[in-house]
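Residue numbers (my numbering), protein chains in the order written: chain V, 1 to 524; chain D, 1 to 340.
Just so you know, these hints were derived from the structure itself, not from any lab. Everything numeric in this text was worked out from a predicted model, so none of it was measured. Backbone N, C-alpha and C fix where the C-beta goes; we use that ideal spot for every residue, glycine too. All the given hints hold, so there is nothing to weed out.
Pairwise CB distance ranges (calculated):
(1) 115/V to 35/D: 49 to 57 Å
(2) 145/D to 347/V: 29 to 37 Å
(3) 172/D to 385/V: 37 to 45 Å
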Amino acid sequence: MTTDIKDAAPVLEADAAARLDSSADPILKLQGVGKRFPGVIALRNVSFDIMRGEGHVLLGENGAGKSTLINLLGGLFSPDEGSIWFNGAPYRPASPLEAFSKGIRVVHQELNLLSNLTVAENLLFEHLPSRRGLVNYREMNRRAAELLAEVGLDISPSTVVSRLGVAQMQLIEIAKALAHESKLLVLDEPTATLTSKEVDRLFEILHRLKERKVTTLYISHRLQEIYEVGDRVTVLRDGQHVTTRPLQGLGIPDIVRLMVGRTVADQGVFREDVQPTGEALAVEDLRLTATSPPISFSVQNGEIVGIAGLVGSGRTEAVRAIFGADPKAAGTIRVNGKPVSITSPKEAVAAGICLMTEDRKQQGLLLEMSCAENITITDLKRLSRKGLLNRALENAASERLVAGLRVKTPSIFQKVGTFSGGNQQKVVIAKWLYRGSSVLICDEPTRGIDVGAKVEIYELMGQLAAEGKGILVVSSDLPELMSICHRILVFSNGRLAGEVPRAEFDQNRILSLAYEEYGRARGN
Amino acid sequence: MPEGTESAGERKTATVWDNFLRISMREAGVAIALVIIVLFFSATAPYFATPENFLKIFVQIAINTVLAAGMTFVILTGGIDLSVGSVLALCTVVGATIMVREDLSPWMSIPLALLACMATGAACGAINGWVCEKWKLPSFIVTLGMLNVASGLARVVSDNSTITGLPQPFVDFGNQIYFGVLPSIFLIAIIVILIGWFILRFTVFGRFVFAIGTNEEAVRLSGHNPRIFKIAVFTISGLTAGIAAMVFLLRLNVGSPIAGIGYELNAIAAVIIGGTSLSGGKGSIIGTLVGACILQVLATGLQLLGAEDNVKPIVIGTVIVLAVVLDTYRNRYLRKLEAR
Numbered sequence: 001m002t003t004d005i006k007d008a009a010p011v012l013e014a015d016a017a018a019r020l021d022s023s024a025d026p027i028l029k030l031q032g033v034g035k036r037f038p039g040v041i042a043l044r045n046v047s048f049d050i051m052r053g054e055g056h057v058l059l060g061e062n063g064a065g066k067s068t069l070i071n072l073l074g075g076l077f078s079p080d081e082g083s084i085w086f087n088g089a090p091y092r093p094a095s096p097l098e099a100f101s102k103g104i105r106v107v108h109q110e111l112n113l114l115s116n117l118t119v120a121e122n123l124l125f126e127h128l129p130s131r132r133g134l135v136n137y138r139e140m141n142r143r144a145a146e147l148l149a150e151v152g153l154d155i156s157p158s159t160v161v162s163r164l165g166v167a168q169m170q171l172i173e174i175a176k177a178l179a180h181e182s183k184l185l186v187l188d189e190p191t192a193t194l195t196s197k198e199v200d201r202l203f204e205i206l207h208r209l210k211e212r213k214v215t216t217l218y219i220s221h222r223l224q225e226i227y228e229v230g231d232r233v234t235v236l237r238d239g240q241h242v243t244t245r246p247l248q249g250l251g252i253p254d255i256v257r258l259m260v261g262r263t264v265a266d267q268g269v270f271r272e273d274v275q276p277t278g279e280a281l282a283v284e285d286l287r288l289t290a291t292s293p294p295i296s297f298s299v300q301n302g303e304i305v306g307i308a309g310l311v312g313s314g315r316t317e318a319v320r321a322i323f324g325a326d327p328k329a330a331g332t333i334r335v336n337g338k339p340v341s342i343t344s345p346k347e348a349v350a351a352g353i354c355l356m357t358e359d360r361k362q363q364g365l366l367l368e369m370s371c372a373e374n375i376t377i378t379d380l381k382r383l384s385r386k387g388l389l390n391r392a393l394e395n396a397a398s399e400r401l402v403a404g405l406r407v408k409t410p411s412i413f414q415k416v417g418t419f420s421g422g423n424q425q426k427v428v429i430a431k432w433l434y435r436g437s438s439v440l441i442c443d444e445p446t447r448g449i450d451v452g453a454k455v456e457i458y459e460l461m462g463q464l465a466a467e468g469k470g471i472l473v474v475s476s477d478l479p480e481l482m483s484i485c486h487r488i489l490v491f492s493n494g495r496l497a498g499e500v501p502r503a504e505f506d507q508n509r510i511l512s513l514a515y516e517e518y519g520r521a522r523g524n
Numbered sequence: 001m002p003e004g005t006e007s008a009g010e011r012k013t014a015t016v017w018d019n020f021l022r023i024s025m026r027e028a029g030v031a032i033a034l035v036i037i038v039l040f041f042s043a044t045a046p047y048f049a050t051p052e053n054f055l056k057i058f059v060q061i062a063i064n065t066v067l068a069a070g071m072t073f074v075i076l077t078g079g080i081d082l083s084v085g086s087v088l089a090l091c092t093v094v095g096a097t098i099m100v101r102e103d104l105s106p107w108m109s110i111p112l113a114l115l116a117c118m119a120t121g122a123a124c125g126a127i128n129g130w131v132c133e134k135w136k137l138p139s140f141i142v143t144l145g146m147l148n149v150a151s152g153l154a155r156v157v158s159d160n161s162t163i164t165g166l167p168q169p170f171v172d173f174g175n176q177i178y179f180g181v182l183p184s185i186f187l188i189a190i191i192v193i194l195i196g197w198f199i200l201r202f203t204v205f206g207r208f209v210f211a212i213g214t215n216e217e218a219v220r221l222s223g224h225n226p227r228i229f230k231i232a233v234f235t236i237s238g239l240t241a242g243i244a245a246m247v248f249l250l251r252l253n254v255g256s257p258i259a260g261i262g263y264e265l266n267a268i269a270a271v272i273i274g275g276t277s278l279s280g281g282k283g284s285i286i287g288t289l290v291g292a293c294i295l296q297v298l299a300t301g302l303q304l305l306g307a308e309d310n311v312k313p314i315v316i317g318t319v320i321v322l323a324v325v326l327d328t329y330r331n332r333y334l335r336k337l338e339a340r
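Go ahead and model the full structure; you've got the sequences and the hints to work with.
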């Protein structure tokens, strides 16, 4: 699907002079690092260096391989190919503990604090000051107080962590890194949940760490702020290394262009012949919480509307609220022009809406049950009289759908847990077709599915649209949305930042919209 | 998964054979264990293989089988019901109190007592389920509470004493034996098991019980309300505790607030030995019947072998754990069959 990435990167090539000279001392060296997961290549031949004491920024779109890279450094996975050198020695940690004892501390986006223990216990958990197995609480609290002072947190070391705010927890994670003299601090989206005042505090601490020659690898969606912490930037795209260069002189538009670059291979799955008619689904002033911005949009019969945006931009949250899977604060929803009240999935399904969740295995399927049982669970009434199941009807209905969607299985009695991702997704589609839903909401319908099955799913969606269903697709795969959708809605930081019609599809434009609200949030 | 190279005929026979293996492993896995245990004791223990002994075993498993039938529903949805023993005690005193009233003829009081037992049990169960779902509490805690509440209520209703003097026709029915080896109370247990099997196998409700135990969130997101079904399974468990109370009265002819102590654990053991998974979604009620048989056959067999009373629980406890260990191997084998 991808063409040569180097060609696609339109930013200046001749910046060799600007690179740090070779005499600089790399603390981390990646050489040809690759990592594969079933069905996906997460990282491919990635090589770059991080210099001692620098602030290094790692950027890339959803699914570009940032998380995989961080997890390799953090000791959660090991690479399939290539080598990593840390501090002049080969680095291949077998566990997070080993990564950490070698001097690499990863502060994950989801914080990993023990929320029922105190701040001091969390800070010094790996090496509690103790004598003969008994914890020396006085020493522990004294050392914790020092660390807290260092990150400028004015709280008692004996506070229970669950009572702190997210920002304070974030700072505690960083203080934890200081406790163990980490040489490389990896921060994954540290500012995602912070207010701008707290962000300033964080940057202050990062500057102080820099004076102490601590190297930082910084990941953020907020492009504005990377200039405050970064000396150099590395961009990943589709699991490949695009560039590593000084941040100085590089504008935000240049960075966005470096991140996109990926060409859309037109799979020819878009149905030009289908003309959307009449409103299938309308959402007006949907608010997830009382203070969140209102979201309004509509989907027509026969139309495929995409929802793009970064992970965490509110895409999944919005569709789950529409479906009644999570509560919403306000908003009107109309299906085929009729207002419907939806407070539970049951009501949504009755109104003709269905949701194919992003997590098929945990939320979509009954893995230990048969293909037929999974398909008919959406409407058992149709198969039963006075509460008694008619298995002949059930089997016939399942056979029909399995054949129609070309689900590859020896029999409809096979457990869906044994199916491949693509076939599982087809079963999810089948169960909603069986229900006869008129509005299909698909959250990441092709995640973890191989290319061939993806195209089949796209064709299926086109066909369903042609039959008059309204389809809403949430996806992190921009080229995917661009090849199948009539329109794309772009979410940014919880807000519907814009809408792009098919004639104006452009990766740069969509991605700029997706990043829009993150730049603004800093207010500078 | 078979590729196109295989002919349809071959695939057919493979599927039939696989299905046979799968069904026999799934349904009869524990039954084989039961047969082996019975054969072992028949060969080693004196008097074990006699009609009188089997009759005794049938009498002894009736109460536990009825309790375990309801417990199977709860465990299949991923819950647990610790209250059935003391709910049974409460129901025995309620039933006995009605039956000993002299102003009612036995033909009035017996059906009335049966209804009262079933209603009391079902009410306790419904409260268990409702509290669990209303406040999203683990059933372990809620039913532990009900265990104590029902036990206290039983003392209040009975004024802390045993109730005797049940009507003669009732006592006579309890002693009835059909065809020489089938006691009336065992037949009741079998009927309860058959009804349970029918519900689980052939009804929409049964399908939801398995589906909720497999993945409750997926059921909710498929447009259903799992709470109603979860309240229903606790109600069923309470209902069977009420029926088990009538069986208790038929067998022992006495209503007692201290009846049923520890019965919940025997019922859970029967369900688990019968191959139902504690995390829900997998299992069968026929397995539960077999599990109840295994427990009792072991107890009786060991006694006939002359084992000391102190040794029996050690052996039975070991067997419970062993049954679950074997079950994990059985599941692994089944999964291998499925993956073919």
